[in-house]
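2 protein chains.
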Amino acid sequence: MWELVEEDLESIAIGAGILGTGGGGNPYLGFLRAREAVRRVGKVTVIDPTEVVDQHQIVVSGGMGSPVVSYEKLPQGDEEANAVRALESHLGVRFDAIAPFEMGGGNSMAPLVVSAALDIPVVDGDGMGRAFPELQMITYLIYGGSAAPAALADERGNQVVLSEVTDAKWLERIARSVTIEMGGHAGLAGSPMDGAHCRRTIIPNTLRLAQRIGEAVLEARRNHWDPGAAVVSVTGGRRHLRGKVVDVERKTTKGFARGHLILEGIGDDAGRKIRIEFQNENLVVLEDGEPQVVVPDLITLVSTDRGEPLTTEMIRYGFRADVLAIPCPDLLKTPEALAVVGPRAFGYDVDFIPIS
Amino acid sequence: MWELVEEDLESIAIGAGILGTGGGGNPYLGFLRAREAVRRVGKVTVIDPTEVVDQHQIVVSGGMGSPVVSYEKLPQGDEEANAVRALESHLGVRFDAIAPFEMGGGNSMAPLVVSAALDIPVVDGDGMGRAFPELQMITYLIYGGSAAPAALADERGNQVVLSEVTDAKWLERIARSVTIEMGGHAGLAGSPMDGAHCRRTIIPNTLRLAQRIGEAVLEARRNHWDPGAAVVSVTGGRRHLRGKVVDVERKTTKGFARGHLILEGIGDDAGRKIRIEFQNENLVVLEDGEPQVVVPDLITLVSTDRGEPLTTEMIRYGFRADVLAIPCPDLLKTPEALAVVGPRAFGYDVDFIPIS
Numbered sequence: 070m071w072e073l074v075e076e077d078l079e080s081i082a083i084g085a086g087i088l089g090t091g092g093g094g095n096p097y098l099g100f101l102r103a104r105e106a107v108r109r110v111g112k113v114t115v116i117d118p119t120e121v122v123d124q125h126q127i128v129v130s131g132g133m134g135s136p137v138v139s140y141e142k143l144p145q146g147d148e149e150a151n152a153v154r155a156l157e158s159h160l161g162v163r164f165d166a167i168a169p170f171e172m173g174g175g176n177s178m179a180p181l182v183v184s185a186a187l188d189i190p191v192v193d194g195d196g197m198g199r200a201f202p203e204l205q206m207i208t209y210l211i212y213g214g215s216a217a218p219a220a221l222a223d224e225r226g227n228q229v230v231l232s233e234v235t236d237a238k239w240l241e242r243i244a245r246s247v248t249i250e251m252g253g254h255a256g257l258a259g260s261p262m263d264g265a266h267c268r269r270t271i272i273p274n275t276l277r278l279a280q281r282i283g284e285a286v287l288e289a290r291r292n293h294w295d296p297g298a299a300v301v302s303v304t305g306g307r308r309h310l311r312g313k314v315v316d317v318e319r320k321t322t323k324g325f326a327r328g329h330l331i332l333e334g335i336g337d338d339a340g341r342k343i344r345i346e347f348q349n350e351n352l353v354v355l356e357d358g359e360p361q362v363v364v365p366d367l368i369t370l371v372s373t374d375r376g377e378p379l380t381t382e383m384i385r386y387g388f389r390a391d392v393l394a395i396p397c398p399d400l401l402k403t404p405e406a407l408a409v410v411g412p413r414a415f416g417y418d419v420d421f422i423p424i425s
Numbered sequence: 070m071w072e073l074v075e076e077d078l079e080s081i082a083i084g085a086g087i088l089g090t091g092g093g094g095n096p097y098l099g100f101l102r103a104r105e106a107v108r109r110v111g112k113v114t115v116i117d118p119t120e121v122v123d124q125h126q127i128v129v130s131g132g133m134g135s136p137v138v139s140y141e142k143l144p145q146g147d148e149e150a151n152a153v154r155a156l157e158s159h160l161g162v163r164f165d166a167i168a169p170f171e172m173g174g175g176n177s178m179a180p181l182v183v184s185a186a187l188d189i190p191v192v193d194g195d196g197m198g199r200a201f202p203e204l205q206m207i208t209y210l211i212y213g214g215s216a217a218p219a220a221l222a223d224e225r226g227n228q229v230v231l232s233e234v235t236d237a238k239w240l241e242r243i244a245r246s247v248t249i250e251m252g253g254h255a256g257l258a259g260s261p262m263d264g265a266h267c268r269r270t271i272i273p274n275t276l277r278l279a280q281r282i283g284e285a286v287l288e289a290r291r292n293h294w295d296p297g298a299a300v301v302s303v304t305g306g307r308r309h310l311r312g313k314v315v316d317v318e319r320k321t322t323k324g325f326a327r328g329h330l331i332l333e334g335i336g337d338d339a340g341r342k343i344r345i346e347f348q349n350e351n352l353v354v355l356e357d358g359e360p361q362v363v364v365p366d367l368i369t370l371v372s373t374d375r376g377e378p379l380t381t382e383m384i385r386y387g388f389r390a391d392v393l394a395i396p397c398p399d400l401l402k403t404p405e406a407l408a409v410v411g412p413r414a415f416g417y418d419v420d421f422i423p424i425s
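Chains as they are written, first to last, in this note's numbering: chain A, 70 to 425; chain B, 70 to 425.
Next comes chain A alone, as it looks inside the complex (with noise of 0.2 Å):
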């Protein structure tokens, strides 16, 4: 057990929004609302998947929607929160603690607010290990959690409860409609589990790895190293690429941004050229028409001054970036995950090739 305080929040939030491949929801208006909630509270107490007990009744939180849509509707802070109560109110229980539903971007604060909302601890570890961008994707309902009862919450007062789904995938088609009719974003809350349950499928100690990759990205800046080296340090995997971004194809349907970036290499890695495709997360690197990096793998984007993490909504035309391939935690890397994550579950007609 630790105690998070406000001033572990900025390294958190560079990790996760270098884990949240792309994707993952805002991590700097992320950072923004979770300042806000433990400096309310003062602090928010974060236990260890091996402290979770087998009795405790656990909820997974985060928010749902395009990352693209936060920008102009920002999250007003309980629609989280709100979720979590509604699920509480539907099954009559409260929850002892919460298990965060990705460790990504604004995705992995959002589970710190509902903590300081509601005064149960945080889980260290996450569903995902990373961003991905559909709820079936998640360790607590690969490894045979119950897709059902969830709840969504809006920020006007609007709660629903998914309390009977056919399967993970119908719970995915469902709760995205609803998030879009709600506007765009929506809070989350669902895969109730014991923690005996929690305790087998979390990927673990996924919060402390964002902070100490965010605190290697801070020292790199403090001392004028290279901050893509830095994360390297701490995560394995590579630099795949340094380079300029020259093009961005990106439209927001179905509440999804989908599109594909072109970056050309640049000092060492000139003359080569890399096109990386994403549905709100990074999904595949292919250079001369090969994939070179493939989902689950982590692929990640940082600014090659500040370390700074690119999300697939801000990129723009001319950003100097590191790509950086980071490999995934075990847990997705099993056939029934690579079923639910690999490359053919985003429609690529390729095997999964680990980059380590």
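These aren't lab readings, by the way, just hints derived from the structure by calculation.
Hints may be right or wrong, so weigh each one.
[Claimed, not checked] Derived SDA-like pairs: lysine to any residue, alpha-carbon spacing no greater than 25 Å straight-line:
1. B:K238 to A:G252
2. A:K323 to B:T235
3. B:K320 to A:S246
4. A:K238 to B:S158
5. B:K320 to A:T322
6. A:K323 to B:T322
Since the model is a prediction, treat every value here as computed from it, not as a measurement.
Once you have looked at the hints, place chain B on chain A.
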């Protein structure tokens, strides 16, 4: 209290089709479902609104979705009952009786199917006295009922509870988007209320009215009388035009059948031409650009030969029809009701001028 048996269904289906003013779902499909259900249990108990006691817990039941969809995606029969079960489970209550949502087309039959499935009586009446396209247009809500919670269910096992909504229009918006995601048709249970509220806000005895209308049509068929005139003799109002459909424009957008019809008068009405605009239901009759009959008064088309109700999704070029103008119930004529179901609520900048 009376007992509704299989033999009553044919006339109710015809009458409800006529009260459906072109919408409310396919009366024939609804009839087949209800016949199956009533046959199985032998009878359905119908109670008069005056027999509802204050402490009764009443639920409003029906189907939601575009009638066009129900032709290809046949309701499976238990969507509506599952929606009631989902709401019972959410609230932790057992309902004492079912109040129909609308007395139109297939939706007049759905509550009978639910009644048979759950073995609780149906109250003789409904929340519209006809059919309307949107959920907030039921008298139970217009006159102060609570828009939440409500539940939707599909045939696959998905169940969604709208546990809190900002107002009845948000109920409609969110429920509509869930219905579309469920494939365009869903069972709906909502507006839970006590018996006192039901007695005060239900449009009474519309099931009996539908039956009387249907019996009049069947009698006219047997005796080769004029079926349109037989309907008007029961409902009041008038035959506005006998004509031939010369143009139909219809598209299914956002879960609704929207469009217009043009009819040219025949016989005594030769030389006249009217335009009927609809959104699932017929909303306004225009002649020489002037509104002649306006929602919430009923505009309903029946075939000239057999008095068959013609729905907006089945009507085609060449059909010969009596356009009937029927006065709406008094509960739809108050300022509160007209704000929700009057012509301006549908985008027509005209006042409601009752036909009678």
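TODO: Please name the hints from earlier in the document that this structure breaks, with their numbers sorted from lowest to highest.
DONE: none
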